Structure formats: structure tokens, C-alpha cells
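Student: Let the sequences and hints guide you as you build the complete structure.
Residue numbers (the working numbering), protein chains in the order written: chain A, 1 to 580; chain B, 1 to 297.
Simulated from the structure, these hints should not be mistaken for lab results. In this text the structure is predicted, and so the values were computed from the model without any measurement. Hints are supplied without guarantee of correctness; some may be wrong.
[Said to hold, decoys possible] List of simulated lysine-lysine pairs, PhoX-like, C-alpha gap at most 25 Å: (1) 144/B x 95/A; (2) 95/A x 5/A; (3) 100/B x 89/B; (4) 219/B x 144/B; (5) 219/B x 279/B; (6) 144/B x 5/A; (7) 160/A x 127/A; (8) 279/B x 5/A; (9) 361/A x 279/B; (10) 95/A x 127/A; (11) 95/A x 42/A; (12) 361/A x 89/B; (13) 160/A x 95/A.
[What the hints assert, rightly or not] Pulled a few chain A residues facing chain B out of the computed Cβ check, cut under 7 Å: (14) 82; (15) 95; (16) 511; (17) 512; (18) 514; (19) 516; (20) 517; (21) 520.
Glycine included, C-beta positions come from ideal geometry on N, C-alpha and C.
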Amino acid sequence: MADLKFTDDQASAEESAAIDAVIGDERATVHEHPRVIRGGTKRRHRMRHLLLPALHALQTESGWISPGGLNYICEQLQVPPAEAFGVASFYELFKVDQAPGHDEAVTHVCVDGPCRAGSAQVIAGIKAGGGHVHESPCLGQCERPTAVFVQGRRGPNVVKADAPNVLAQHGEPALRLLHRVGVVDPESLDSYRSHGGYAALDAAIAAGPDAVIASLTESGLSGRGGAAFPTGIKWRGVRDADGDTKHIVANCDESEPGTFKDRIVMESDPFALVEAMTIAAVTTGAENGWIYVRGEYPLATARVQNAIDLARSAGLLGDDVAHSGQRFDIEVRRGAGAYICGEETALFNSLEGFRGEPRNKPPYPTTHGLFNQPTAINNPETLLNVLPIVLEGAASYRSVGTESSPGTRLFCLSGDVGNPGLYEFAFGVTLGEVLERAGGVEGELQAVLLGGAAGTFVDSTSLDMALTLEDTRAAGTTLGSGVVMVFNQNADMTDTCTRIAEFFRNESCGQCVPCRVGAVRQHEMLVELRTGGPAMPDDRRQLHDDMARAMADSSICGLGHTACSAVASALTLGLIGTSQ
Amino acid sequence: MTAVYNNNTADASAEVAVTISIDGADVIVPEGATVLDACNAAGVDTPTLCYAENLTAVNACRLCVVEMDGSRTLIPSCSRPAEDGMVIKTDSERVRHSRKMVLEFLGSGVDLSQADELGTWSEFYGADADRYGPAPARINEPVKIQDDLYIRDYDKCVLCYKCVEACGDDAQHTFAISVSGRGFDARISTEFDITLPDSACVYCGNCVAVCPTNALQFKTEFDLRTVGEWRPEEHEVTTTVCSYCGVGCNLEMHVQDNTIVKVTSPNDHDVTSGHLCIKGRFGWQYVQPTIERGPTT
Ligand SMILES: Cc1cc2nc3c(=O)[nH]c(=O)nc-3n(C[C@H](O)[C@H](O)[C@H](O)COP(=O)(O)O)c2cc1C
Ligand code: SF4
Ligand code: SF4
Ligand code: FES
Chain A
1 MADLKFTDDQ ASAEESAAID AVIGDERATV HEHPRVIRGG TKRRHRMRHL LLPALHALQT
61 ESGWISPGGL NYICEQLQVP PAEAFGVASF YELFKVDQAP GHDEAVTHVC VDGPCRAGSA
121 QVIAGIKAGG GHVHESPCLG QCERPTAVFV QGRRGPNVVK ADAPNVLAQH GEPALRLLHR
181 VGVVDPESLD SYRSHGGYAA LDAAIAAGPD AVIASLTESG LSGRGGAAFP TGIKWRGVRD
241 ADGDTKHIVA NCDESEPGTF KDRIVMESDP FALVEAMTIA AVTTGAENGW IYVRGEYPLA
301 TARVQNAIDL ARSAGLLGDD VAHSGQRFDI EVRRGAGAYI CGEETALFNS LEGFRGEPRN
361 KPPYPTTHGL FNQPTAINNP ETLLNVLPIV LEGAASYRSV GTESSPGTRL FCLSGDVGNP
421 GLYEFAFGVT LGEVLERAGG VEGELQAVLL GGAAGTFVDS TSLDMALTLE DTRAAGTTLG
481 SGVVMVFNQN ADMTDTCTRI AEFFRNESCG QCVPCRVGAV RQHEMLVELR TGGPAMPDDR
541 RQLHDDMARA MADSSICGLG HTACSAVASA LTLGLIGTSQ
Chain B
1 MTAVYNNNTA DASAEVAVTI SIDGADVIVP EGATVLDACN AAGVDTPTLC YAENLTAVNA
61 CRLCVVEMDG SRTLIPSCSR PAEDGMVIKT DSERVRHSRK MVLEFLGSGV DLSQADELGT
121 WSEFYGADAD RYGPAPARIN EPVKIQDDLY IRDYDKCVLC YKCVEACGDD AQHTFAISVS
181 GRGFDARIST EFDITLPDSA CVYCGNCVAV CPTNALQFKT EFDLRTVGEW RPEEHEVTTT
241 VCSYCGVGCN LEMHVQDNTI VKVTSPNDHD VTSGHLCIKG RFGWQYVQPT IERGPTT
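Tutor: Written out as C-alpha cells, the structure is:
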């Protein structure tokens, strides 16, 4: 038993009941007999991953992380209270101070991207009605501004979902990844099966792991979460790695400003995610699956959980997955409001019950991932691609797209276009065509943010750019998570860039110096420009360049590496910082 | 020129050796050694902040970065294992730039007045912490004086994680403090920021001993500094063995004006690795009268 010290604060009966309900019957220490206590480090470590769900339970029950509730969690899981406090205070959705009104629901209102313009009015309206408001970074509903998410107390969490997700491309035969969205009943396994569901799993089991990995490698599929790492190589790495247990993780933390594709997939075609993860499991030999869903996605969370439950009842998860002889099951975990937890190693730490701070790489997740075991972590869009590759083969998959960027890509269109929403196009489509297909620019085009806050701005000179990995890289930009956020001539780009800088300031985990301080200094520089501009003096531009170089070179993770790229591109294009 | 590795923190008897190039010179180090070990073996002086030989590397400060052929980004030398064939540059423009910026960033937000080594490196790399506008955000924390043994002045904290490691897994296993909050608002803290006497703290002082910036100070030092009487250059250091129990910890008694003002233990001592308990660290009042103390709040 760890020698822990607790303050005198006690949990209420409701708090301990709510916590017990998520951590189950096992305890880190068990008093078997007055003189026999079972405990120890191993047991403590085994239960640590329950910290995040327990904190969620406490927050929902009490509206904050109360000292008594925290003590109770720490006693049951044998986590030092200072560490648990460090974890709780890392997340936006957990409140560690007892502010007035803490016992009410909180309405999170998005102040990013296309929601920014209308947010002030929405916030004023909620406040006038006596509601509790929190200004939130992008809530992943950019196609329907102004986005809100209501964090309930003892009640459900809700997002505005007045209409089901309907695609502008509904019914188009070219859709490979989205063909079931708006067509299939997302809550019915039978409906999924009648639309071709689970044929790919059968095919993958029949073909065997080596054949599946060969197809993936041949298909040229690369990761859609931002880093574009070849999926075949990743799965091969996990299959070949030694480990006690192996893990499949779906990275559904989607928090890159402007991105909402994974939410729509989870809400409208959740079985596809579960099936693709199961293929990953039988291919790599992993027995444990985890879906880490963004905390602000209650509907997606419920749909995915329902899909897992139905798949388990049908023998498609569990001890003998689809008669393959392999065990595989999936647990859903909710994030708690931290963009950085989308970074794969930060996600592992978060899921394991630690602060969501990225780890230094190497070692890489394929050998040292979740719980330090071999792990394949993928974005849901990446996983969706596995289904057609397994069903139709690599050659057919490569029949669209380009040599270096085969297949199709999901694009999240938002801002000043006629028809914001989720689109699927073959790689190689030009930016101009994408804007046209999405209803055209409303007004006169000023700039497009490609790839999210971690991406870059481009202007009308890039309309002919082919959207592929190679062309965007050559042009110094990125497809990132598929964000295409459009700004017309009325947009205040200095304000937009200031908000992007503020986003990184708020979301830096704070672990490494270049990002922790650099993100603050960049934001201060933009605030200075917004109040003192419009021109940015040469020495300030030089300073921004100095900061951007050091952050890209020496930060630990991708957040710090890219935190200056959007602002730098806006400066280069003259969208901000010039005297006109 | 081939330098032979002789750092006693890695296993010198390891059978597998790796050869790594540091600024053009081949260096042979045992497998498991870090790039920093190789730099040391090559006689290259490398600034570090969050690294300590008696703690697990957290590679958070990024001061020790070096350039490696084939790597898009710079790498932290303190924690990157040396591999055969690595080609490392420790003094390229990129390396100097990043080190300078890390030092500038720290200087612009943290009180480094008592972090002497950082001051020297800042001068070396030409860091100019004053070019961040009129009022850059700073840590701005008041000094915490909650007991007679030490003070916490987080205005001087660079968030190197050393104290957390010394309090936790790396030495004391008490876990009284942790990093809380996020980003620039991250702070070293107890749960709900309760006072140290209320917390799990056992007053071993191991956090104070590892703190590189004097954010954590023994109260004796703090009081003497407050009245302008802290004169480390005059300290006489006497090494002795602690008399409280049979473990045999080495103590270094720092004496100023014939008074013990601080107790440390050598990092390379094979019993303590620099860490002590409350008795060795503070239990020396029986050899001298209690000295005047400043107020506790
Ligand atoms: C700050 C940051 C945030 C990220 N957020 C996400 C995310 O929300 N979803 C995601 O799939 N990948 C995200 N990533 C990328 C992941 O680290 C990882 O590369 C990806 O999940 C791997 O899956 P893939 O190979 O299928 O793309 C993020 C990376 C960084 C640096
Ligand atoms: S780059 Fe930023 S987010 Fe990433 S580890 Fe460093 S401080 Fe954390
Ligand atoms: S108090 Fe000292 S040891 Fe602790 S993190 Fe801050 S600078 Fe490092
Ligand atoms: S000393 Fe290497 S990162 Fe701090």
C-alpha cells in the first residue's frame, strides 16, 4: 500500500456512489483480513487508467472536482492526491475551484473560425438568461455555426444536433468513405450489414494478416490524422513487435480547429469504425481496442458505444471475434477538453491516467505505445480507408487519386462558402474545384486556411493547386486534417490570427520551454499588432521568425512545431502586418 | 581523434560499444549511453537544465538540443540514446539559435537572478530577454513561506520537473507535489495548493537540493539572502557521515561564519545519490544554537 496522505475532506455519499459506478468492484488495496492487505505497485498501476473516468463521474456529480471527491478517488485507486490534482487541472472540462454556479450546467460556446463572428451574441444571450458560459476553442461543428456544447450536471451532455448529418454529395456513386453517411441507420447493426457492413472483416480474416498488410502497403494508404505516416508500415511494425498485449487505438479526439469529419463519421457510420478497428486487431494480433473520443462529442460517444455493444452481442467482438479464434474488445474513453490529447503519445498518457503531456520519441508507439506496449493508433478516416482496400484490393483503390497520394480524402469545408459541410474528393482535385463544389465562395476570396490552425493560409493564387500530399508539401502548406476554412474580403485577418495564436497559447501542454513560452510571446505579439497595427515593424517580424524557427526545431511535439505556421504564412502573404 | 568514454553513470563494462560522431570526431561509448554522455566524452560542454545524473531525464527544457544528420528536428542530447553511426553537430547555427531562444524565453518570464549557470550560458549564446515588448507575461507568484525549513519562490521556477521527480518516483516516493494546470499557467503544486505542512511533504529537502534556479531554498539561505548576508564563496564544506541511523549517508555541511547554513549530499555518493531524509538534512540543530529566523506566513 502506498503511503498516501489525505486531507480531512470527505466525499458525499452521492459522490462516492458515482465514482464507484465507474471504477467497479476492484480496489487498488484490499483488506482481506485485519492483518492481510493486498496491494502493491503492480495493482496500483493496473487501475490508474480509471482515473480519467472517475474524474468525469465526480465532475458530473458535483459540478467540480471537490477535495472530498478527489480524496475518495485517490484512496480507491491509490493515486497520490497531488498527482490526481495535476491531472484534473490539466483539462478544460474539469473545474478545480468552487466558482459560484458550479452546480449548474455549463454551455460551451465556440469562439473559433466561422463561429467567432456570432459567438458574442450567443454568449450574451445565454448570460442574459442566467446561464453559465464558457468560451471554448473549436467544438468540431464548424459546418453549423455558432457551435455550442452543453456540459450537463447530473444530466446528459448535449450538442446541437437539430438535423441529422446530410451530405451535399448524398447519393454520389464516387463516395468510398462516406457512402453510408445519411443512408444507414447508425444505431442498427442489421442496417449496417445490409449496406455491406462486416464483409471486409470476413475478407480480412479469410486473407490473413500478411495479405492484409501487403494490400495496405500496396495501396499507399497514409495516415489522415495529420502526419501522413504509411499505415501498412505501422501495422507491420505492431504485428512484428514483441509485447505482452497489443493495442489498437482510434484517435477520435478531433480538436484541430476547423475539423469535424471524425464526428460525422462516428455519428453517422459508427459500425464502420468498429469494423475497421477489428480488422486492425486480427491483422496485428491486438486484443485490446480503445476509442478515445473528444469529451465534447456526446452523440458520437453514444453512437460508438452502442455500436460496440451490438457488435459484442453478435459475436463480432469478444473472446472469438467472428470465429477467427482471436479475442478483441473495445473500450470507449472520453477526453476532457485538451487539444494536445490528440497527439498520439499525449493521448496514451491521458488514457493511462496521467497528464496529457506528449512523450519524447523515439521509442515509437508501434513498439512502446499505450501502457508501453505495441500499439497501432490511427485516425478514424485512416481506418475507414481500410474497408475498401480489403474488399476491393489495392489496385482498385489506387484507381483514383495520384501515384503518391492514392485514393480519396475527406475535406471539412467551413466559413464563407455556399454549402459548408463534409466532402469526399479524390486526391488531386484542385482547391478551386473544391470551393466550387462546396457552393462557391460567398463574396470575394481573401484567404483559405488549409489543414487547420496547425496548417497555413493560402490565397487566390493557390486555386489551381492540386490537393495532394506532394503538391501541398511543395507549396509549403499541408492538407493536415482536411480543413478548408474560407475567409472572404470582410474577414478581419489580424483578429483571426490573434485568435489562432491565443488557441496555441491556451492549448500548449506547457511541458517544453520553446512552446510553453513561445506560444505566449506569439500571442502577445499579435495582440500588439491588433491594437497598434496595421503594419508590423521589421524587428517584430524578425522576432516572429526567430521564435518560429526555434519552436519548429526544438519543441517536443507537433503542437510546438506548427504553432507559428499559420501566422507566419499570413505575414508572408501580406494578409496581416502590412500598412494597407 | 577518438575519445574514450569514461562517465561513470553508464555501464562502462557493457560489451557492446557504439561509435558516434560529435562535431566530426568519432567517440566510442557503451550501448545505453546518451548523446550527452558522448558529448561529455568528446569534451564538448553542453548546457542542460532539466537533466540531472541522479534523476530520470524528462527532456522538457530543450536547452541541450543538438543537430543530428537525418532528423528533421533537433534532438535532446540528454535523453537520446547514442546509436552507431549517428552524426551530431553541437555548434551549428540551428543549435545555437534554439539554445539562445530557450534562454531568452526563460529570461523573459522567469526570475533567473539566482540561476548563475543559466546567466553564463545566456551571455555565451547572446540571449536578449528584453526584446519581448514592454510587458511580457511573467510567472508572477509571491514567495511561499509556510514553515521554518524551506521556502518556495515559484517566480523563479523554470518548470524543469526535477523537484517533482525527486519527491516522487526518482527518490522519495512521497508525491507531495506535482505539476498542475496547463501551458504557461502550469505550476508546481500540492493538491488544491494546500500548504506544505498540510500536504504529504516529509521535509526531506530533496526537491530543494535538485532545484537549479533557487526557486526552492532552505529557509536559512533565504533569510540570509534577505538581509544580504548570503556569502557562498566563503562557505567551508565539511564532509561527514550522518549519525542518525546505520545507512551511512554522506553529509556535506556548508558552514558560514561558523554556523551550518545548508546540508547536501554528493550526487555521486553510492548510498544517497544526493538524496537525504529530514534528519540528515535538517537535524543538525544539536551542534549549534538555533539561529534567528525570519517570519513564517
Ligand atoms: C497537437 C496535435 C494534435 C493532434 N490531434 C489529432 C487528432 O485529434 N486526431 C488524430 O487522428 N490525430 C491527431 N494528431 C496526430 C496524431 O499524433 C497521430 O499522428 C495520428 O493519430 C496517427 O494516426 P494516422 O496515422 O491514422 O494519421 C495530432 C497531433 C498533434 C501534434
Ligand atoms: S511542443 Fe507544446 S504541446 Fe508539445 S510537448 Fe512541448 S509544450 Fe507540450
Ligand atoms: S521548483 Fe525548481 S526544481 Fe521544481 S520545477 Fe521549478 S525550477 Fe525545477
Ligand atoms: S537538459 Fe535535455 S531537455 Fe533539458
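Student: For each hint, tell me whether it holds in the structure or not.
Tutor: Now the hints, each set against the structure:
1. 144/B x 95/A: holds (24 Å)
2. 95/A x 5/A: holds (22 Å)
3. 100/B x 89/B: holds (16 Å)
4. 219/B x 144/B: holds (11 Å)
5. 219/B x 279/B: holds (16 Å)
6. 144/B x 5/A: holds (21 Å)
7. 160/A x 127/A: With Cα atoms ~18 Å apart, residue 160/A and residue 127/A stay inside 25 Å; holds.
8. 279/B x 5/A: holds (20 Å)
9. 361/A x 279/B: violated (40 Å)
10. 95/A x 127/A: Holds, because 19 Å separates the two Cα atoms, which is no more than 25 Å.
11. 95/A x 42/A: violated (30 Å)
12. 361/A x 89/B: Distance of about 19 Å is within 25 Å: holds.
13. 160/A x 95/A: holds (23 Å)
14. 82: holds (4 Å)
15. 95: Where the cut-off is 7 Å and the nearest Cβ of chain B is about 12 Å from residue 95/A, the hint is violated.
16. 511: This hint holds: residue 511/A lies near chain B, its Cβ roughly 5 Å from the closest one there, short of 7 Å.
17. 512: holds (5 Å)
18. 514: Cβ of residue 514/A sits 6 Å from chain B, so the hint holds.
19. 516: holds (6 Å)
20. 517: At about 4 Å, which falls below the 7 Å cut-off, the nearest Cβ of chain B leaves the hint on residue 517/A intact, so it holds.
21. 520: holds (5 Å)
Of the numbered hints listed earlier, those contradicted by the structure are 9, 11 and 15.
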